[in-house]
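S.K.: Take these sequences, add in the hints, and give me the full structure.
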Amino acid sequence: MAIPQALSTRAQRAFMGTEGIVVIVMVAIVFGRVSDHVDLDLSRYKTIPCYLALFILAEIFEVFMAYDALRLRNIIQLVGLLLFHAALLVMAALQVHEAHSALVQNPGANWTVDYINGDGAGTLWQSVLPFLIVSPVVIGVSWLVMIFFVRELYHEFGWAIFHIVGANPAAKTMYQFYQVMICLLKFDFFAFIGVTMQLLIVVLQRNTAEFGLTVAAIPIVLVLLIGAGIAVQREIKWIMSIALVLMLAAESYFFKLVRFYEPSSREQYQTVRATLTTFTIIAFLLLFSTFAIGLRCFADFDKGLLKSKLHGQSYRPVGQPYKSSLFGGKKEEGAYGAGTPLGPRVSIE
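Residues in the sequence shown are numbered from 931 upward in steps of one, following this note's numbering.
These are calculated hints, taken from the structure and not from any lab test.
Idealized CB from N, CA, C, for every residue including glycine.
Incorrect hints may appear among the rest.
Said to hold, decoys possible - The list that follows gives simulated cross-link-like pairs (lysine to any residue, SDA-like), each with its CA atoms no further than 20 Å apart:
| id | residue 1 | residue 2 |
| --- | --- | --- |
| 1 | K1116 | E992 |
| 2 | K1167 | K1237 |
| 3 | K1116 | I1169 |
As the list claims (entries may be wrong) - Per label pair, the in silico range of CB-to-CB distance:
| id | residue 1 | residue 2 | range |
| --- | --- | --- | --- |
| 4 | R1189 | R1081 | 37 to 45 Å |
| 5 | G1234 | R1196 | 47 to 55 Å |
| 6 | T1103 | I1211 | 24 to 32 Å |
M.R.: What follows is the structure, encoded as structure tokens:
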């Protein structure tokens, strides 16, 4: 099976080979050690399986987004991935605090006094702490490496938009807003699924109305995101109008942020409050940004960009020999214009 073009350079292969496997292994070790000693069905310990599920989802999503950006040669999506990776770093750091809140109920006790609830030498907390610390360290180091490779890819992908929309500065700006919109919709999907998954795993009881409303919101939001993506790509005004209205309505979903701190309900969110608050605020800002960029894209409908949106994905990079001849480099054998040398002129006088 041939290696896809998106994996053909050293920078692209390195970008794909990030820290995902290492981080998932660290999280799985924490999950395994905790599950061996406590009942994860208890509400105070549910942050641990939630932690595992979130990072598995995040790493799979990141690999998909990286491959997708490389396939489309989309530098904007690669920059978005850098921001996403930074958010993962924050989430991994927050998890150290939340795991401590869940596991440590008897501060100062060592393993001889209280192995499960203590935080002294030899306790369960001390056995998982190194693995909790490794995750943000690995993510942080890989983030610095990713910055270097995204910079390299920026130069490699720099002329892709020029090939798609031409030299018109206005068309280039409109196409970049379109790329930002599509990128935001993808990150909206992850943020919404992340918040919903945490609520379903950690907090909500299956026999409550809030659980049913949360589950019912999943297909509605998925249809909204997919519909918005189709509308902005194909410039379907009526679908785009509905999507923009629903985005504003969906902002009301974040009333849950208030419940995290209300006296009547704050106790049930104790072990996941920091992560849930961070996720909810990020999701709110992402959706609001999507609405604002969506208005800008809507204003660009019927301005001659439709063909570039529909066929821009068919762009393939020009071969290296041809690029060398274009930019004045030494032409290689078989390159365009590298035919048989002309023979000497014959002058008739």
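S.K.: Verify the proposed pairing of K1116 with E992, using a straight-line Cα cut of 20 Å.
M.R.: holds (11 Å)
S.K.: Tell me if the beta carbons of T1103 and I1211 are separated by a distance inside 24 to 32 Å.
M.R.: holds (29 Å)
S.K.: Given the hint of 47 to 55 Å, is the C-beta distance from G1234 to R1196 inside that range or not?
M.R.: holds (54 Å)
S.K.: Does 37 to 45 Å hold as the CB distance between R1189 and R1081, or does it fail?
M.R.: holds (42 Å)
S.K.: Given the hinted pair K1116 and I1169, is their alpha-carbon gap at most 20 Å?
M.R.: Distance of about 18 Å is within 20 Å: holds.
S.K.: Next pair to validate is K1167 with K1237; report whether the Cα-Cα distance is within 20 Å.
M.R.: Given pair K1167, K1237 holds - Cα atoms ~16 Å apart, limit 20 Å.
Against the hints set out earlier in the document, no violation occurs for any number.
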